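Chains as they are written, first to last, in the numbering used here: chain A, 172 to 473; chain B, -12 to 404.
Rather than coming from a laboratory, the hints here were simulated on the basis of the structure. For clarity, every value in this text was computed on a predicted model and none was experimentally measured. Note that the Cβ used here is the ideal one computed from N, Cα and C, for glycine as well. Don't take every hint at face value.
Stated by the list, open to error - One-sided and incomplete, this derived list gives chain A residues near chain B with beta-carbon spacing under 10 Å:
#, residue
1, ASN220
2, ALA248
3, ARG256
4, GLY266
5, PRO390
6, THR391
7, GLY421
8, ARG422
Said to hold, decoys possible - Here are a few chain A residues that face chain B, going by a calculated C-beta distance under 10 Å:
#, residue
9, SER227
10, ARG237
11, PRO269
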Amino acid sequence: MSEGTIKSMKNLPQEHILGEGTSLCAGCGGLGALHQIYDLLGEKTVIVNAAGCMTSLAIYPYTPFRGSWLYTAMASAASGAQGIRDALDVLIAQGRLPTEDDLTVIALAGDGSSYGMGLSATSAAIERNLDFLYICYDNEGYGNTGQQFSAATPWGARTTTSRGGHHGKKKDLFAIWAAHHPVYAATVIGAEPLDLARKVEKAIRLRGPRLILAMAPCPTGWGYDPQETVEIGRLAVRCGIWPLKEYEEGRLTHTRIPQPRIPVEEYLQKQSRFRHLFKPERNAEAIAHIQAEVDRYWSNVA
Amino acid sequence: MRRTLLTGNGAAAWGARLAEADYVPAFPITPQTEIIEALAGWSERGEMAGRVVTLDSEHSMLTAAAAAAATGVRVFTATSSQGLLYGMEMIYTAPGWRAPFVMVNVSRALASPITLEADHNDILAARDSGFLQIHCATCQEVLDSVLMAYRLAEHPQVRLPAIVNLDGFYLSFTREPVVIPDQEQVRRFLPPFDPGNVAFRADRPASQAALVLGGSLYSYFRYEAHLATLQALTAYEEVAQAFEREMGRRYPAVEAYRAEDAEYIFFLMGAYATKAKDAVNRLRERGMRIGVVRPRLLRPYPARILQELLRGRRAVAVIDQNLSMGMGGILYSELASALYGMKDAPMLVSYIGGLGGRDISTEELFTMAAQTREAADAGVTPEPRLLYTAAELREVRKMQTIAGSKLPGHMEGKNDE
């Protein structure tokens, strides 16, 4: 990190270039992270979007983006990024596009696409060593359709298709990416802007497949007051359920090791998706299970 | 210009090479694979400047194709059958981007049951997508149609992706003499792709394919695409004339063979038209005034041309190499709709045949001609017929006996030859 220019909050971009007043939900943790990321990425970008909450950002004839945007389909943001990157390379090679007018190609997808339907296309793009930045906003469910469970939904969470609590186990998308040996992969959260900015700055400087996996606290899907998005995000980091880490040159580094970790139930009980674990009576076994999973994760962190 | 033997797949690859496609996203599928193998080989050896990238699926391939076209390069791609269906979400999505590119589809029948040989249900599933469609009957036509498709797709009044279709096996793997035009000749016919204002540039940020709210805006964009597709009818004539001037070969939107004085017409598309022409030659020797009408352009639908060509005929045998379950032949219903209410409209007699590469024999064509004449004489339109012989059915029953299966059958008594 030493080579980065972002050392403190004072180094974060002062100009905010992503337009406000979009149709997204108040307190959207994904949009909060995207604001911070887009300020760093700048205008010389083309965002390839997969079906999800962020699709509602560009509604004809308005867009909050100063750079370019292409909506594709739920499964193929990475493939769209491939087509655009290849086309830009062809244009540059033919002298039809000056190098200084090149664009950074970004795939923007939610967890529904990133952990599920779009995973095959993304895996293939990493394998082809595509030069692109993949941003996943992970709100742990199919948020745009009203929060049904996805492959990113944590065990025990209530969604509209798992009223009694989700039985599946959240996929480890970061590890799946890392297993492809990409040039860079990192987890971030909007509630930790300095950590986020350092990672995005690093990702921008590298060439090849890069992942920014942003946990996206979701007031409507998770059930909390929109003003608590930052607080929920901080709790997710402090309890250890959302580890902040990066993968680079084959090495995994945790950029924040919460010490001491607060009990995970402090994070859980703030959200109505976990309320059934506390009311009408406390489900001590389930809470202990979630805590044990978190503890197990950190026991493996050197 | 040189003359050589090429398969339909070889001709398609040559079309892409001569069009100087910048970018070829690819994915293998039988019987199309030879096209992308040829292009990958040329690209690897530096004989073709275009970049070939193998994607992970047809869905990805079509997304990459449309995204690259929307970035302003000339794109070629190819698929077939199940691959076309796997990419179908993007087949329907891409035309709305108004970023032209050309895809070759090598027709192959659809599962189930899974098979390899040709019929047209795959390409007809893309019928309502907004892609232009050109259907070929010879290998020369495949090469020429790829070149024409680029000029048509990129026409400023059109700007839509185009599919050039050829039949698996019957064309894809059949060698025919093909004239390969010189690069300079092709350049005179097909100028470099001008992306216009559809491209992503640092100084001209653009939002493409954004969400619309409400039916009014949605309808606006759908109507625009429809009207652009209709413009392709006029643009096609312009392209065909320019092609003839440069190459000396004429490809009308609808081919009419020995049809000037014909009382009866075989109406079909694709490679079996060659067999129908042969049958026509023989039937004419026996004194029957019969011809072939073959739409090359299926989208946009050349309704007016078909009305003019078919007005005043006694009857038309429509041979559909496809089957819309529970309805019948797709070409038949489209033609009926184009001719409905027209004065002196011919009787239409519907046949389904050639599914999964099943042969349509010359004898069957003779039978269809005779039945069509009888129907016209009687003035009664017969029920649609499924081409199948009693001998074939006996063979199937024999196999079922060997397999020990006792599936309830519906076909006994349905076929009359």
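Right, here's what the structure says about each hint:
Interface restraint check for ASN220(A): the shortest CB-CB distance to chain B comes to about 9 Å, inside 10 Å, so the restraint holds. For ALA248(A), the suggested interface contact is upheld, since its CB lies about 8 Å from the closest CB of chain B, less than 10 Å. Satisfaction of the interface hint for ARG256(A) is found here, the shortest Cβ-Cβ separation to chain B being roughly 9 Å, below the 10 Å cut-off. For the restraint placing GLY266(A) at the interface with chain B, the shortest Cβ-Cβ distance is roughly 12 Å, beyond the 10 Å limit, so the hint is violated.
Given the 10 Å rule on beta carbons, the hint for PRO390(A) is violated: about 22 Å separates it from the nearest Cβ of chain B. Checking THR391(A) against chain B: minimum C-beta separation of about 19 Å lies over 10 Å; hint violated. With 10 Å as the threshold, the beta carbon of GLY421(A) stays out of range of chain B, its nearest partner Cβ sitting at about 24 Å, so the hint is violated. Proximity of ARG422(A) to chain B is violated relative to the hint, the smallest CB-CB distance being about 28 Å (cut-off 10 Å).
The interface hint given for SER227(A) is met, as the beta carbon of that residue sits about 6 Å from the closest beta carbon of chain B, less than 10 Å. Interface restraint check for ARG237(A): the shortest CB-CB distance to chain B comes to about 6 Å, inside 10 Å, so the restraint holds. Residue-level restraint check for PRO269(A) holds (minimum Cβ-Cβ distance to chain B is 9 Å; threshold 10 Å).
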